[in-house]
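> Each residue of the sequence shown is one higher than the last, beginning at 169 in the numbering used here.
Check each hint, because a few of them may be wrong.
Here are the simulated lysine-lysine pairs, BS3-like style, with alpha carbons at most 25 angstroms apart [claimed, not checked]: (1) Lys430 - Lys351; (2) Lys496 - Lys351; (3) Lys430 - Lys537.
Simulated from the structure, these hints should not be mistaken for laboratory data.
Computed from a prediction, not measured in an experiment: that's the story for all the values here.
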Amino acid sequence: MSMQRTLATLPLHRSLATRDEQVMLQAGALTASLFRYASGIEALRLRNTRGSLVLLPWYGQIIWQAEFDGVPLAMQSGFSMPLPSSGIAGTYGCLAFHSGLLRNGVPGPEDDHAAHGEFPTATLGDAWLELGEDAHGLTLRLGGEHEHVVGFGPHYLARPFVALGERATLFEIGMHIENRSGKPMELMYMAHVNFAFVPHGRIIQPVPFTPAHVQVRRAVPAHVQPNPDYLAFIETLARSPERMRQLDEPARYDPEQVFYLKALPRGPDGRTAIMLRRPQGDGFALSHAPAQFPHCVRWILDDPDQKVAAFSLPSTCEPEGYAAERRKGNVRLLAPGAEAGFSLTAGYLDRAAADRMATHIEQLSSDRKQA
169 MSMQRTLATL
179 PLHRSLATRD
189 EQVMLQAGAL
199 TASLFRYASG
209 IEALRLRNTR
219 GSLVLLPWYG
229 QIIWQAEFDG
239 VPLAMQSGFS
249 MPLPSSGIAG
259 TYGCLAFHSG
269 LLRNGVPGPE
279 DDHAAHGEFP
289 TATLGDAWLE
299 LGEDAHGLTL
309 RLGGEHEHVV
319 GFGPHYLARP
329 FVALGERATL
339 FEIGMHIENR
349 SGKPMELMYM
359 AHVNFAFVPH
369 GRIIQPVPFT
379 PAHVQVRRAV
389 PAHVQPNPDY
399 LAFIETLARS
409 PERMRQLDEP
419 ARYDPEQVFY
429 LKALPRGPDG
439 RTAIMLRRPQ
449 GDGFALSHAP
459 AQFPHCVRWI
469 LDDPDQKVAA
479 FSLPSTCEPE
489 GYAAERRKGN
499 VRLLAPGAEA
509 GFSLTAGYLD
519 RAAADRMATH
529 IEQLSSDRKQ
539 A
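Given these sequences and hints, build the entire structure.
Below is the structure:
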């Protein structure tokens, strides 16, 4: 998003969230309202002229739902609402969550950490709304703060945010981390954006669907029960990853398939982009800066209970658990007092915007070939 100036800041209080949704702020075409699910989880709804986001300000700042132009963006699951849980598996029905920050991915045999780390369902101490203005008009930005401190262990301050413009169907997701310990801090972070599975959807990316650029995960995590056909298909995908360019074989994603995208090119703004185009011509898109996220993961699942096409998961590491990632050299260290910032843009594109995004991705690919 472009640079903006802040017009006003509104502190949010959990006690104001009730079963009856109440407007907290209205400006131009933007509205922010608080409510509480029957499960007790507080939520903030941001609305603009095109749709809305449902955010959980004090619960990992999860993005629970999103809908633009009548199209729902989030994965399908058995969860009708967010549920209290000490880990993300207990409320796994959202569009996006912050995976990490000290540990990330699915724990392997040598690991003792929770799946996707300690932050996804962390309780944030503070949350607030910022009303801003940029070249495109007014914006609303949800900010929050979580201090994680363990005696004789790590100590960090995390500030996630989500920002939405008054006419936008794309929104910004960000995370800022400060190591407040006197010792180096291990950092493993993934922006886990779980878009809906789109039957016959087509993935458009700026690198070819070759084994050099799209590598299938061969390690089978503990939560997946493989069979000979599944293992054989992994080998097929390893040789011919173009099989997953178009989602024409839903049964092939039960169990899940995971891929690692390599050498993604970046444009003059330092960002790369990937899109899942729907048969209707519109699509979902995500752009990020590889300088912030040196890895990009793809997770696709279509089983009777969950349907998700997480076609772009920007990350500082791959998701095979702490021990495996440390051996690969993928665990980043933050020096005492050091800070790290991450941001990405995700959301919905109508047909015209999807056409423009396809052209942009094609240009990124062309520039890669010429480099």
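> Hint numbers the structure violates, sorted upward?
1
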